[in-house]
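> Please construct the entire structure, taking both the sequences and the accompanying hints into account.
Residues per chain, in single letters:
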Amino acid sequence: MSKKQILVVDDSFIMRTIIKDIVDSDPELEVVGFAENGKTGLERVRELKPDAIVLDLEMPEMSGIDMLKRLALLGKAKVVVVSSVGQTASPQAIEARRLGAQDVIAKPSGAMSLDLQAKKGHEIVQSLRRVLGLSAAGERG
Amino acid sequence: MDTLADTLWQEFAVETEEHLQDAESILARSDLQQVGVADIAQLFRSFHSIKGLARAMDVHGMEGVAHQSENLLGLVRDGRASLTVDLADLLLQAVDALKQLRDAVADRREDRPADPGLLSRLAAAFAEAGGETAPEAARAAAAAAIAVPDTPLHEDPEMLGIFVEVVRTLGPELCGALAGEVDERRSANDAAESLAHAAEVMNFDALCTAFGGLRDILQPLVYAGQLDDAARQDLTARLAETRLQIELLAELSGHDAGAEAFSAALAQRIGGERDRLGLVLVALGRSLRQNLAEGEVLAAEADAAALVRSARSLRIVAAALRQKRSAEILVLAEDICARLASGDLRLSEAIVETVDLAVAEIAASGLDDLADADADRIAAELRNLTRSGAQKALASGERVVAGLHLPDPLLAILSDENIAALQRGIGQRMLAYEVLVHLEADPDTARRWTAWLTEAAQSITNRTVLHGRESWFEALLLTHLPPAALLDALRVLDPERHCIKRVRRLTDAPGGETLLDELPPGPSGNTAAPFGASSAPQNMIRVRGELIDALLDDIGEFRAMAAGLRHLIRGVGSREIMARSRALAARLPAELSNEFLALVRDARERDRRLLETEDIIAGMLSRLHQSALELRVVPVDAVFNRLPRIVRDLAQHQGKPVDLVLEGRDVRIDKSMVDALADPLIHMVRNAVDHGIEGPEERRIAGKPERARVTVRAAQHGPVIHIEIGDDGRGLDAEAIRGKAVARRLLSPGDADNLSDEQAYRLIFEPGLSTAAVVTETSGRGVGMDVVLTTVRRLDGDVAIRSEPGRGTTFSLVLPVSAALQTALIVHVGDQSLAIPERHVLAVAEIETDAIRLIGNHRSILHRQAVLPLYGLGELLGMTAAQPGEGRLIEPIVVTTNGRQMIGLEVDAIEQRQELFLKDLDPRLASYPGVGGASVLGDGRVVLVLDGEELIQLAARGIEPAPAPSETVH
Numbered sequence: 000m001s002k003k004q005i006l007v008v009d010d011s012f013i014m015r016t017i018i019k020d021i022v023d024s025d026p027e028l029e030v031v032g033f034a035e036n037g038k039t040g041l042e043r044v045r046e047l048k049p050d051a052i053v054l055d056l057e058m059p060e061m062s063g064i065d066m067l068k069r070l071a072l073l074g075k076a077k078v079v080v081v082s083s084v085g086q087t088a089s090p091q092a093i094e095a096r097r098l099g100a101q102d103v104i105a106k107p108s109g110a111m112s113l114d115l116q117a118k119k120g121h122e123i124v125q126s127l128r129r130v131l132g133l134s135a136a137g138e139r140g
Numbered sequence: 000m001d002t003l004a005d006t007l008w009q010e011f012a013v014e015t016e017e018h019l020q021d022a023e024s025i026l027a028r029s030d031l032q033q034v035g036v037a038d039i040a041q042l043f044r045s046f047h048s049i050k051g052l053a054r055a056m057d058v059h060g061m062e063g064v065a066h067q068s069e070n071l072l073g074l075v076r077d078g079r080a081s082l083t084v085d086l087a088d089l090l091l092q093a094v095d096a097l098k099q100l101r102d103a104v105a106d107r108r109e110d111r112p113a114d115p116g117l118l119s120r121l122a123a124a125f126a127e128a129g130g131e132t133a134p135e136a137a138r139a140a141a142a143a144a145i146a147v148p149d150t151p152l153h154e155d156p157e158m159l160g161i162f163v164e165v166v167r168t169l170g171p172e173l174c175g176a177l178a179g180e181v182d183e184r185r186s187a188n189d190a191a192e193s194l195a196h197a198a199e200v201m202n203f204d205a206l207c208t209a210f211g212g213l214r215d216i217l218q219p220l221v222y223a224g225q226l227d228d229a230a231r232q233d234l235t236a237r238l239a240e241t242r243l244q245i246e247l248l249a250e251l252s253g254h255d256a257g258a259e260a261f262s263a264a265l266a267q268r269i270g271g272e273r274d275r276l277g278l279v280l281v282a283l284g285r286s287l288r289q290n291l292a293e294g295e296v297l298a299a300e301a302d303a304a305a306l307v308r309s310a311r312s313l314r315i316v317a318a319a320l321r322q323k324r325s326a327e328i329l330v331l332a333e334d335i336c337a338r339l340a341s342g343d344l345r346l347s348e349a350i351v352e353t354v355d356l357a358v359a360e361i362a363a364s365g366l367d368d369l370a371d372a373d374a375d376r377i378a379a380e381l382r383n384l385t386r387s388g389a390q391k392a393l394a395s396g397e398r399v400v401a402g403l404h405l406p407d408p409l410l411a412i413l414s415d416e417n418i419a420a421l422q423r424g425i426g427q428r429m430l431a432y433e434v435l436v437h438l439e440a441d442p443d444t445a446r447r448w449t450a451w452l453t454e455a456a457q458s459i460t461n462r463t464v465l466h467g468r469e470s471w472f473e474a475l476l477l478t479h480l481p482p483a484a485l486l487d488a489l490r491v492l493d494p495e496r497h498c499i500k501r502v503r504r505l506t507d508a509p510g511g512e513t514l515l516d517e518l519p520p521g522p523s524g525n526t527a528a529p530f531g532a533s534s535a536p537q538n539m540i541r542v543r544g545e546l547i548d549a550l551l552d553d554i555g556e557f558r559a560m561a562a563g564l565r566h567l568i569r570g571v572g573s574r575e576i577m578a579r580s581r582a583l584a585a586r587l588p589a590e591l592s593n594e595f596l597a598l599v600r601d602a603r604e605r606d607r608r609l610l611e612t613e614d615i616i617a618g619m620l621s622r623l624h625q626s627a628l629e630l631r632v633v634p635v636d637a638v639f640n641r642l643p644r645i646v647r648d649l650a651q652h653q654g655k656p657v658d659l660v661l662e663g664r665d666v667r668i669d670k671s672m673v674d675a676l677a678d679p680l681i682h683m684v685r686n687a688v689d690h691g692i693e694g695p696e697e698r699r700i701a702g703k704p705e706r707a708r709v710t711v712r713a714a715q716h717g718p719v720i721h722i723e724i725g726d727d728g729r730g731l732d733a734e735a736i737r738g739k740a741v742a743r744r745l746l747s748p749g750d751a752d753n754l755s756d757e758q759a760y761r762l763i764f765e766p767g768l769s770t771a772a773v774v775t776e777t778s779g780r781g782v783g784m785d786v787v788l789t790t791v792r793r794l795d796g797d798v799a800i801r802s803e804p805g806r807g808t809t810f811s812l813v814l815p816v817s818a819a820l821q822t823a824l825i826v827h828v829g830d831q832s833l834a835i836p837e838r839h840v841l842a843v844a845e846i847e848t849d850a851i852r853l854i855g856n857h858r859s860i861l862h863r864q865a866v867l868p869l870y871g872l873g874e875l876l877g878m879t880a881a882q883p884g885e886g887r888l889i890e891p892i893v894v895t896t897n898g899r900q901m902i903g904l905e906v907d908a909i910e911q912r913q914e915l916f917l918k919d920l921d922p923r924l925a926s927y928p929g930v931g932g933a934s935v936l937g938d939g940r941v942v943l944v945l946d947g948e949e950l951i952q953l954a955a956r957g958i959e960p961a962p963a964p965s966e967t968v969h
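Those protein sequences? They're chains H and X, same order as listed.
Numbering that gives the first Met the number 0 applies: residue 0 is where the first sequence begins, and numbers increase by one.
Numbering that gives the first Met the number 0 applies: residue 0 is where the second sequence begins, and numbers increase by one.
Hints are computed from structural coordinates only; laboratory data are not their basis.
The structure presented is a predicted model; accordingly, all values stated were derived computationally and were not measured.
Note that CB positions come from ideal geometry on N, CA and C, so glycine has one too.
Hints should not be assumed to be uniformly reliable.
Footprint (simulated), chain H over chain X, 3 or more residues, beta carbon under 8 Å [what the hints assert, rightly or not]:
#1 47-56
#2 849-863
Below, in silico cross-link-like pairs of lysine-lysine (DSS-like), each with a Cα-Cα straight-line distance of 30 Å or less [claimed, not checked]:
#3 X:Lys323 - H:Lys48
#4 X:Lys703 - H:Lys19
#5 H:Lys19 - H:Lys48
#6 H:Lys19 - X:Lys98
#7 H:Lys48 - H:Lys2
#8 H:Lys19 - H:Lys38
#9 H:Lys19 - H:Lys2
#10 H:Lys2 - H:Lys38
#11 H:Lys2 - X:Lys703
#12 H:Lys38 - H:Lys48
Take a look at the structure:
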């Protein structure tokens, strides 16, 4: 069984670390690369051809929205936007959806908690699984 | 303490410090007028990031302050508020507060609440600037989302800009399509794929077609090694078309779509090509002139044909480089050369010189297009040529006089009388020859030559040919002598070949039939040899595989005939004749006896000389055979180079990091083995990755490096090739294999338990019991291990398995260097010829039928004190129902062995031993029990090559064979 390959694009090392921790907790998902902004994100996408991208919106150099615009042209990559601006109805969230983001969810919180549920990490995992067409993994802690 | 938590807290301190520093440095500027849009965006992002980080780490005090500050800056960013001194002050207070809170967290992991006063001041400032609280904002946005229809991406002007930018960035990478390296070609292919998608999203159909077309051509070529000229031309033409599209896009969008950069990239890729082609053209032009000067019309025509091809390639390159004028000239040159090559236009110094000059000017212009004035002048000259040339055009039929293809230089000097004489001579069944003689070399020979010419031949015409600095003499003559007799006559005239250098019989084919060619190489390099336009750049030639096979077949047949000759000379027959002759001599009267014995001695002497000669011939044949065999040997890399891609794809697909190590890639094996071994090797390597190697997790737990290793190693030891396929995976599970074998009823449980692990491993070669089925329960793909073994056996090799649980598995193949060639005994059963490989044949015997006994229940004979069970070969293969040997007194038997057991095979006739080439066999036939391969005999008969091992198994199992394979073969 091969794991789905995930690219994490976020300008914060902590965020990248936390998200990797969350994503890797799923047996069928694996973080294969990081980028700290949209520009390097696009390069990584070309190199790694990930199955899905976890994308932050607010980033220096090239924002998540700008990266999404290019991704929309470059390929059919599946994108889950994970952002603090990520209320589903915020203008940025709507723009992200228009540009092809498959899901827009809030950033994780409570990273220090050992419980994935409490970290809100399950939201990321479930969103990725849904986007990648994997069965729901709700029963997992 | 959790190391991840430690890391995160440390990073939290570092990252928040960075963001706070960034914010502070902007907010603290003395002149806020200088704070631009980018700075505001940066400020917003800093607070936004701090908010996100604080939230992730459950630091709610910081999150609150950062959140309020971010909201405020959101208004500034959106132009609804401006960054006043007061606002900057307030935000600096927020920075200070965040620093204090952060320090408390970093030092003591203490989440202190934020200062409520600061929070309310921030909230007040936000409200004052007209900001809405989050729920309001969300409602407003939701309303906006409903109100604003979804703009399709291709109608979005910003997306157009981004599209152009994407084309600008990726466009030049497309030119990597022409690169020699796989990496660049792959990037080009990816770029074409992405661009095709982008163009599709943006509804640019033509661009989509251009990019998609490039991708479609390139995709199969990415891993195709060196691109051939046709592929390069194809790609170059596509890239040129793409550049046009990019230029159009720039016009349409008003943005720079990178046409210049694209052109530069293209020029970089094909500039060298242009130079190379330019040089080729110049060289061809020179060769053409030279050949023309020497009257070598055929060679010149070949040059012209080569010129056409090169000119076409260069034209495509020039067009891709936007050298319109050069391309235009090349079209004209191409046209003229094509007409020269077809004989439509007669070769003349003027034509050649003009074409040559045109080509030289284009070659010299490098990466610049021809200047208009030059192009106009050259074009006018070339057009003029074809006009006047058309009048000089020679009907191609005219060159053939009385069914002869006369070389142009000779034709040019033929008078009407000469032609009439030719017609007459040919009518009298005389043959036409062209003879080149060097009369200055030896006056005596020259005299003899002239005398012979008047006596035995009819001279039609002759001309002087310059060879280097010597003047030679080329004669067209008619004679009744056939080629061999003519050569004999000429040999008498000139035994040392001082004078007579070349003899050609003129036929209706261009160039005729060369009977003798003793031309020394020209005195200097630039004197072209009269034959062939130019020598190959390297001392290498390409030969079709079938040609070599045919050669080997011929040699094989020749050897068989030589063996027959040997038999005739050394055989019992001649000894018997000698013995009888002596006996006869004894009964003759003395005077006759002496005479007779003298004759016998003569005959014996002749016999001895025959034997010597036969020895020499056999030795030479053997060497010839060896040399021919070496023609078929290629590096094993021809198979190995397919493996990395397979391993990479499979490893990627299964999420197993795997290193493939290839060793001994330059070991050489027979070409036919390359073909035969490819599938088994690929299968075993796939198996290694698929089933041998564990997932990274399992490896980690087992304390192994996560990156697995698959090693494929080839080595030659004398006449034997060893190929090993090893992995460092989990090893074979002997117990599981035993279980499976029992479940499949291949073994009884008791037998299974008695098997050693090594014996159990070998069970995976049984049909229907692949490692896949045993170890992972996932279905194997393509051929199974049983087919691997069959193939290797067919190549006269064997497979051994070494496996250690948890440490990995190694398959060792041992094969002869040239397994494809086997000596076999040809036998007959019914009307079918069958071959039994020599290694399985222990003896051939003719036994009397009444020597056959029933031992047990089986017909057997005694053979060298051993009981030899007899089997009808046809019966064993299920070919004949008739009782073999019925009604015969003597029965031919082939004693067959697998090294351990012996059986006697009854056949209808035993023909001969012969060397056979195993041909690829239809898989249905290959899996047929007892059949190992097929071959074609020298006389074209198809024979099935049997597998002794399988025959003995068939005999031992008493398996009822399936219907006759003979129908499939014929």
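> Next step is simple, just say for each hint if it's right about the structure.
Results for each hint:
no., hint, verdict
1, 47-56, "holds (count 8)"
2, 849-863, "violated (count 0)"
3, X:Lys323 - H:Lys48, "40 Å, violated"
4, X:Lys703 - H:Lys19, "24 Å, holds"
5, H:Lys19 - H:Lys48, "17 Å, holds"
6, H:Lys19 - X:Lys98, "27 Å, holds"
7, H:Lys48 - H:Lys2, "13 Å, holds"
8, H:Lys19 - H:Lys38, "20 Å, holds"
9, H:Lys19 - H:Lys2, "14 Å, holds"
10, H:Lys2 - H:Lys38, "26 Å, holds"
11, H:Lys2 - X:Lys703, "20 Å, holds"
12, H:Lys38 - H:Lys48, "15 Å, holds"
Consistency note: the structure conflicts with the earlier hints numbered 2 and 3.
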